[in-house]
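K.L.:
Each chain, letter by letter, is given below.
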Amino acid sequence: MSAHQATSGSTPDTWDQITRERSFLLRLAQLQLASSADAEDAVQETLFAALRNWSGFEQKSSVRSWLCGILRHKIVDAIRVRGLGMAPIEHDDSDAIIDSWFTGDDAWHPVSFVNHLCGEKIAERSQLLGIIELCMARLPEQSARLFLMREYLGMDLSEIEAGCQLSAGNLRVILYRARMRLRDCAVRGWGEFE
Amino acid sequence: MSQAATTSSITCRDTTYLVCEARDRSLSAEEQASLTNHIQTCPYCQVAAKQFSQLFSQLDELLARSQP
Chain P
1 MSAHQATSGS TPDTWDQITR ERSFLLRLAQ LQLASSADAE DAVQETLFAA
51 LRNWSGFEQK SSVRSWLCGI LRHKIVDAIR VRGLGMAPIE HDDSDAIIDS
101 WFTGDDAWHP VSFVNHLCGE KIAERSQLLG IIELCMARLP EQSARLFLMR
151 EYLGMDLSEI EAGCQLSAGN LRVILYRARM RLRDCAVRGW GEFE
Chain E
1 MSQAATTSSI TCRDTTYLVC EARDRSLSAE EQASLTNHIQ TCPYCQVAAK
51 QFSQLFSQLD ELLARSQP
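Heads up: the sequence lines are chains P and E, in that order.
The opening position of the first sequence corresponds to residue 1 in this note's numbering, with each subsequent residue numbered one higher.
The opening position of the second sequence corresponds to residue 1 in this note's numbering, with each subsequent residue numbered one higher.
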């Protein structure tokens, strides 16, 4: 790769560290941008911007978090140009799954309740974030997309409702299901480390 | 979704609605009071609330929410 040679302060190792995150970034971008060419562009621009600004990377955050921050700006720019696009209706079995976690009185079901906390045994931050990433990948695609508009792009609910032609009630339900399923998946993952 | 939150007694499922919605909006004083009351007396919801808080802070880190 000749890109790193043209950039002061970075080394071949820098480029490796940055491009290692490419597939995660691409999945994030593809969920947000309807066109896969736009998603590729946003990720490519992010990788080059990171390479140019490597000296600005503070070790306080992981490389992945830092790149996510840069990619967010690229995605927001692309959405500004292209719009959000309607949310497709898709089959989602989350309601039945969530129902099974509660009793008829809407109390937590003692049998299915998972009580693992994220303990100190997961010392590696990357392992911990890996669990969350895996769990996000398991969400139904539409849920993941809307969830990330809110949690990653930081859009207001009203913006998402208008841009995706969803009612306020629908959006609330979708975000609720996504968070509930993420919790369930994450706590099971934490349990694996006990 | 969380009609019961206007009364003082809410269910475990209601607490999950409130804990999740608190990510998107400020809860009313009544909602906050119902939530606190329930969590104080329910061991399951104490654990679940802690799990949600751990999950949300990890999400913030992964997705770099604290960055400008």
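Hints are computed from structural coordinates only; laboratory data are not their basis.
Watch out, some of these pointers could steer you wrong.
[Said to hold, decoys possible] Listed below are the simulated SDA-like cross-link pairs for lysine to any residue, each with C-alpha atoms no more than 20 Å apart in a straight line:
#1 E:Lys50 to P:Arg188
#2 E:Lys50 to P:Lys60
#3 P:Lys60 to E:Gln54
#4 E:Lys50 to P:Gly189
[To be verified] Listed below are several chain P residues computed to face chain E (Cβ distance under 8 Å; list not exhaustive):
#5 Phe57
#6 Val63
#7 Ala107
#8 Ser112
#9 Asn115
#10 Leu117
#11 Cys118
#12 Glu133
#13 Arg179
#14 Leu182
#15 Gly189
#16 Phe193
All of these numbers come straight from a predicted model, not from anything done at the bench.
Where is the CB? At the ideal position from N, CA and C, for every residue including glycine.
K.L.:
Now tell me, hint by hint, if it's right for this structure.
P.N.:
Against the structure, the hints come out as follows:
1. E:Lys50 to P:Arg188: Holds: E:Lys50 and P:Arg188 sit about 14 Å apart, inside 20 Å.
2. E:Lys50 to P:Lys60: Given pair E:Lys50, P:Lys60 is violated - Cα atoms ~25 Å apart, limit 20 Å.
3. P:Lys60 to E:Gln54: Between P:Lys60 and E:Gln54 the Cα gap is close to 19 Å, so the pair holds against 20 Å.
4. E:Lys50 to P:Gly189: holds (15 Å)
5. Phe57: Because about 12 Å separates P:Phe57 from the closest Cβ in chain E, which is outside the 8 Å limit, the hint is violated.
6. Val63: Given a least distance of 11 Å, the restraint on P:Val63 is violated.
7. Ala107: Cβ of P:Ala107 sits 5 Å from chain E, so the hint holds.
8. Ser112: violated (11 Å)
9. Asn115: Cβ of P:Asn115 sits 5 Å from chain E, so the hint holds.
10. Leu117: Because about 6 Å separates P:Leu117 from the closest Cβ in chain E, which is inside the 8 Å limit, the hint holds.
11. Cys118: Status holds, d = 4 Å.
12. Glu133: holds (7 Å)
13. Arg179: holds (5 Å)
14. Leu182: OK, holds: P:Leu182 within 8 Å of chain E, min 6 Å.
15. Gly189: violated (10 Å)
16. Phe193: This interface hint is violated because 13 Å lies over the 8 Å limit.
This entry does not satisfy hints 2, 5, 6, 8, 15, 16, going by the numbered hints stated previously.
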